[in-house]
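Visitor: Go by the hints and put chains A, D and U onto chain X.
Chains as they are written, first to last, in this note's numbering: chain X, 1 to 321; chain A, 1 to 321; chain D, 1 to 321; chain U, 1 to 321.
Source of the hints: derived by calculation from the structure; they are not laboratory data.
For clarity, every value in this text was computed on a predicted model and none was experimentally measured.
Note that identical chains are pooled: a pair holds if it fits in a single copy or bridges any two copies.
Derived SDA-like pairs: lysine to any residue, alpha-carbon spacing no greater than 25 Å straight-line:
id : residue 1 : residue 2
1  : Lys-131   : Arg-273
2  : Lys-131   : Asp-48
3  : Lys-131   : Ser-15
4  : Lys-41    : Pro-276
5  : Lys-131   : Ile-35
6  : Lys-131   : Thr-58
7  : Lys-131   : Gly-186
8  : Lys-131   : Arg-18
9  : Lys-117   : Asp-48
10 : Lys-117   : Val-52
11 : Lys-41    : Thr-271
12 : Lys-305   : Asp-285
13 : Lys-131   : Asp-270
14 : Lys-131   : Arg-21
15 : Lys-131   : Gly-232
16 : Lys-131   : Val-19
17 : Lys-305   : Thr-265
18 : Lys-131   : Trp-44
4 protein chains.
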Amino acid sequence: MNFDFPLKNLPAVMSGPRVERRRVLVGGSAYWGTIIENGEKAGWLRLDDGRVVDPSLTPHLPPVSPSKIIAVHISYSSRSMETRNKPKPTDTPTYFTKPTTALNGHGGQILKPADCKYLNYEGEYAVVIGKTCRNVTPDEAWDYIEWFTPALDMGLQDFRDTDQGSMLRVKGADTLLPIGPGLVRGVNLFDQTLRTYVNGLVVQEAHIGDETIWGPHYVIADIARHITLLPGDVILMGTPCHSRSIDPGDVVECEITALGRLAGTVTAIDTPRAAPLGVGHPPTDSAEVRRVALGFDERVPERFKQNLQSARGIPNEKAGR
Amino acid sequence: MNFDFPLKNLPAVMSGPRVERRRVLVGGSAYWGTIIENGEKAGWLRLDDGRVVDPSLTPHLPPVSPSKIIAVHISYSSRSMETRNKPKPTDTPTYFTKPTTALNGHGGQILKPADCKYLNYEGEYAVVIGKTCRNVTPDEAWDYIEWFTPALDMGLQDFRDTDQGSMLRVKGADTLLPIGPGLVRGVNLFDQTLRTYVNGLVVQEAHIGDETIWGPHYVIADIARHITLLPGDVILMGTPCHSRSIDPGDVVECEITALGRLAGTVTAIDTPRAAPLGVGHPPTDSAEVRRVALGFDERVPERFKQNLQSARGIPNEKAGR
Amino acid sequence: MNFDFPLKNLPAVMSGPRVERRRVLVGGSAYWGTIIENGEKAGWLRLDDGRVVDPSLTPHLPPVSPSKIIAVHISYSSRSMETRNKPKPTDTPTYFTKPTTALNGHGGQILKPADCKYLNYEGEYAVVIGKTCRNVTPDEAWDYIEWFTPALDMGLQDFRDTDQGSMLRVKGADTLLPIGPGLVRGVNLFDQTLRTYVNGLVVQEAHIGDETIWGPHYVIADIARHITLLPGDVILMGTPCHSRSIDPGDVVECEITALGRLAGTVTAIDTPRAAPLGVGHPPTDSAEVRRVALGFDERVPERFKQNLQSARGIPNEKAGR
Amino acid sequence: MNFDFPLKNLPAVMSGPRVERRRVLVGGSAYWGTIIENGEKAGWLRLDDGRVVDPSLTPHLPPVSPSKIIAVHISYSSRSMETRNKPKPTDTPTYFTKPTTALNGHGGQILKPADCKYLNYEGEYAVVIGKTCRNVTPDEAWDYIEWFTPALDMGLQDFRDTDQGSMLRVKGADTLLPIGPGLVRGVNLFDQTLRTYVNGLVVQEAHIGDETIWGPHYVIADIARHITLLPGDVILMGTPCHSRSIDPGDVVECEITALGRLAGTVTAIDTPRAAPLGVGHPPTDSAEVRRVALGFDERVPERFKQNLQSARGIPNEKAGR
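Bound-form chain X, shown alone (with noise of 0.2 Å):
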């Protein structure tokens, strides 16, 4: 990872003790809690009125509320190789944004339209920043991060073609971002494991620390050169190797250890009614959507694609499609 890694000094978000946020529905009101870290009652969720409640039992709501969110493309080593057919590789990260309205929180639907056929998983974490930010170098950038926190970006591989690169009915739709269960800070984000999981099996891993390329210090400060960052805004660090479509009735699950574990529930919906008035780019099945969709299996370890495959009770035969 460049850019002063391994860190000569621990961040403030990375010190000190650990403080987990949830925001939860009680009754009909959304309410602020604080896990409770120690003792008898460990993992359970303080609302900040005294209150303690079962966060297992809690309908969990999205913690944040950002003005916008910005995906970094590819910024992990195992995701860059499994998609090597791009020209070279980059030496810059990009970035696409995803609406506001796709928001989800934790224990979600994640909505599949009937006519669309690829719902890729991708496990990621997130930034939150937690004041205005423009224009700062990756050093100071650490000072502007208030929380990290698990999520899913959740992809609609069937538009791959429209959209010109923009990902707007990809990864835009409603309910594709997952992302909680709660707020963290205080613990090394760099020393943490990300894994996803489809019905309970590990489809994707990776240790952050070693398979960063650009840690979030370096993202803020690129995307801070000309956006001004507002507090509350989210920033989605990419995917490791092995994002692959799902179907309704699958469980997905982002865990990164110290964050927490982010559940979500693939969810059949109608086909829009606009779609059979011929409006607007139709799902497609072509060799791009595919290649994306499907990915490619030579790179990826082995573990995974079968843990895959047993997840979703797929025959073995059929494996990596």
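Guide: Coordinates of chains A, D and U only, in the frame set by chain X:
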């Protein structure tokens, strides 16, 4: 233009009387007001509290506070023809997004960093969403449009090579979306003409009804297949031919008859502090950058090219560069 | 009711077909949907993305996100009569505010701290502002009302003695404003009847058209003399007679015919941590507190008093306390 | 001042280098910037994008976007003494709220309607909340304060008789809360002196450490017993003695040493359109109105009274009216 054109029934947003709302700064507060349409004070702005001010002497704020801004790549036939080197005529619109931090008001400074060369204008109209919109047909979509307004979808083409088509850096930098001067309803959009001016001379012109490939109702129905549009969201409807690069000191305006005339001034700004540290994709002057920044002059009306040269004080022989 | 009543022309918000919008949590995301009015699925909620859910099984969020909430002290004749010990009949309405953090949704928990004794219900209807409104007449004000909705203006009367009438602590605590279940338009508000229930028995009742002293158009015109109302702002329109105190475990509902039936459950919560340190005005049980919390039973219909006793399992001889 | 005073440890918001952030309009866009503390350009504003502007020539916006604004009625000993005719000395603070539409920036117009007579100034400091705060102790409350800023809590005392103490119309009208010029941290609030000026002459003065009855930490702990404070929420901390009424054309300023000097100009505005229709409580000139608007001169230092007369060009014999 496809889908129900010419319109059988004028939608409410196009049905009279004309109303124009502006948001201005008086003293230290932002106020909404309505342009006086008739009588002695016609053209003045009546603030909602009763004060009447001369809008030409009053700083304007952007008249929108969207949760997201979505832009059509191409929806004018002249622009489609100019950029004809696309593989084949697109048969559905494609989109990208601009972050809300790019918003700028009438009379604003449009920032061009010292290390960039190509800042292109694109005169457009925008529509503003009036109520939560998802899963609608084109016919229904008209009910969700509350306002029309001129806009300038400025682009730093130096970053054309990066972001793999999302145009985050090309179109997303702070100040690159002047919008206003106000929000207008009660006029027939398809009877209007759009003109972009540089230093007072016309450099783009299109009759909206004649040139539009996809109307805003179609675009909204297309996006809302998968993405919820919220009240206040902004859709930029594309530009006609002859988007070109301008320099600090140039004044660019987008006038749409019956909607208003929006102005901005290109203003120099320092190279970002992270740039000399080697952070991020640098501005480039590649063939692809020049292709888009400089355009394709063969199909552009001669008077636009000559006006642009005159406006910028460029001797004729350098026309079209 | 003063000003233009009976209405000469039904305002748009009261005119044809009924529309009800709700905001619910499905999985981890909030969605808007519309209640199905007719046919086999009447009463179910169609989310904007096409899913149809049973609203009785779906957590509700507050259907409003106001910048401010303004409440009328008294605008029903029965309430005015009950609290007759005011020096003289008020001839203009008076107002207070509730912070937006007091908002609660249908089915919510209404929190009663352990050190408080008197949590009073007040069934009301609310109006939601549709567009920026300042300096209007009562006739014009109708155009700025977009929705009606039931509400419960709960009050911790233990703090009646403090805040010199602002009622910040009485009415402003978290959860003290259940609102919903949805937003409704297209019904004639003045033909409706409001009923408050405790544990299923009617404890307040008023025909809105018969009992209203000031209509919402008058109230909006009054407030907007000096204060800009923004889209989404909420005005609470006061309660009829027989606001009384209830306890943890009690279920309180406000039903307004044609608008819906809003429920909440009083829930115990610990005494705030700062209270035993001696911070702030403590809850008190003064004569003034009891006067408002317990009310004036002489002028209240007998059946409301008896219903409240039955609902709360109180023997008859303690009636009226 | 009660609770931990003098402070044993300086809280973070009072420690370390002074930082001042302002929000200004340049062209048509709002930008955040930081005041340059040292060197040749000391006192100028460096926008986050690198531009340096003269703040005295740049329109200011309110530097806050709160969800709510809560004000202490009285927290200065001199004000408490002046208004001594309250039944007995209050032993806990009391509060009211101002709607966010009352916000005004440095250099703003403070509107006085033609039918009103008494617009009183109250110079104050405000604190801005940095993170979600509920159920805290006074010691903990310091961690939730992010900024200090001068404020003017203006009041239209003509409406003193209405709203039963909520002061919605007295304190809540548009423009009645100038705040700024910027947000400051890194200074010891209790070492500062507050001064209010009318037309350049001092009319209120208090040393904050000497005069404060309740510190902001106490006030936050008090409110947060029942009400969640959100990031950006504003608490107005009360005014010292000698709040008096001023007229259109008068310039009022609140200076707090080390925080800044905030200015506004009283500006005449027409009587609201609904007023001649008989809508709402009219402005009155009752004994109670005059009691508060004109104040109690006996206990006010002579020089403040004389300065106010001089500032407003009132012959001495009319002193104190």
